[in-house]
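In the working numbering, each residue carries its 1-based index in the sequence shown increased by 8.
In case anyone wonders, no lab produced these hints; they're calculated from the structure.
Take these hints with a grain of salt, some might be off.
[What the hints assert, rightly or not] In the PhoX-like style, the derived pairs of lysine-lysine whose C-alpha atoms are separated by at most 20 Å in a straight line are:
{"id": "1", "residue 1": "K58", "residue 2": "K140"}
{"id": "2", "residue 1": "K182", "residue 2": "K210"}
{"id": "3", "residue 1": "K178", "residue 2": "K210"}
{"id": "4", "residue 1": "K90", "residue 2": "K58"}
[Unchecked claim] Here are the computed distance ranges between Cβ atoms for each label pair:
{"id": "5", "residue 1": "P102", "residue 2": "S261", "range": "39 to 45 Å"}
{"id": "6", "residue 1": "A92", "residue 2": "Q180", "range": "35 to 41 Å"}
{"id": "7", "residue 1": "D266", "residue 2": "T62", "range": "32 to 38 Å"}
Every residue, glycine too, gets a C-beta built ideally from N, C-alpha and C.
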Amino acid sequence: MPRLIVRCPVGGWGTIARTSAFLLFALGARSAFAELPNARLNGVFPAGGKQGSTVELSLAGEDLDDLTGLHFSHPGITAQPKLAPPAAGKPPQPVPMQFVAQIAADVPRGVYEVRAAGRYGISNPRAFLVGKLNEIVDPEGNDRPATALEVALETTVNGKLSAERSEFFKFQAKQGERVTIDCWAHRCDSRADATLVLRDAKGNELARNNDAFRRDPFLDFTAPADGAYTVEIFDFLHRGGSPEFVYRLHFTSAPTIDFVFPAAGLPG
9 MPRLIVRCPV GGWGTIARTS AFLLFALGAR SAFAELPNAR LNGVFPAGGK
59 QGSTVELSLA GEDLDDLTGL HFSHPGITAQ PKLAPPAAGK PPQPVPMQFV
109 AQIAADVPRG VYEVRAAGRY GISNPRAFLV GKLNEIVDPE GNDRPATALE
159 VALETTVNGK LSAERSEFFK FQAKQGERVT IDCWAHRCDS RADATLVLRD
209 AKGNELARNN DAFRRDPFLD FTAPADGAYT VEIFDFLHRG GSPEFVYRLH
259 FTSAPTIDFV FPAAGLPG
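Produce the complete structure using the sequences and hints provided.
Listed below in structure tokens is the structure:
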């Protein structure tokens, strides 16, 4: 008949008991820690602003209770809570999840970090861009070519992509004018995988792009004739509908660097 042989490990049964107790304590502590609130910043809209401007920001996230401020990685960008108008003799009260940011004129163009601070500490960072073009916010309602939003060149459009829906923008260009349409989404922490489609006034497709800079699309276009041109933007997987699907769409006729060669050099 088979025999079961159990050998006591080095250190005796007391070692096993102590080890088991430690593991149970560690697992319990980890479970308790996981239940604590953790400030999470999921989105900032708009995701940037122009040098020397004031921008009203809306936040989205989790456990962002009693927010006291926003912290940017550049000292030239500051923010204060947005205040609601006084009512019933009470002093102005902060509007939940909304701030007013000031961008100094000498802040260099680029990508910076922003974090939210509140009852549960400092949140994770999100990208915040500073540019030099005029900025507008997509008012929505431009989900058909017939209702495309008219945009002047040298403008940045801040928007959010919706699920299974496109947004349309229209701009004017002269024959031979070179226009670039650059979408920043993946590069500013957005979940959007944007696609751009360019059409002429008759609806003929002239260009399309999905991935030029990682997952961000880019169109380099020379107008074949004077007239209006329409740009359609949508998520490649038709996702959207949350604050995490923001984008910044730049329309400009300014000179654009295609490449630099050689790409490096030795000091001195």
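The hints, checked one at a time:
no.: 1; hint: K58 - K140; verdict: holds (5 Å)
no.: 2; hint: K182 - K210; verdict: holds (16 Å)
no.: 3; hint: K178 - K210; verdict: holds (13 Å)
no.: 4; hint: K90 - K58; verdict: holds (19 Å)
no.: 5; hint: P102 - S261: 39 to 45 Å; verdict: holds (41 Å)
no.: 6; hint: A92 - Q180: 35 to 41 Å; verdict: holds (39 Å)
no.: 7; hint: D266 - T62: 32 to 38 Å; verdict: holds (34 Å)
Checked against the numbered hints given earlier, this structure breaks none of them.
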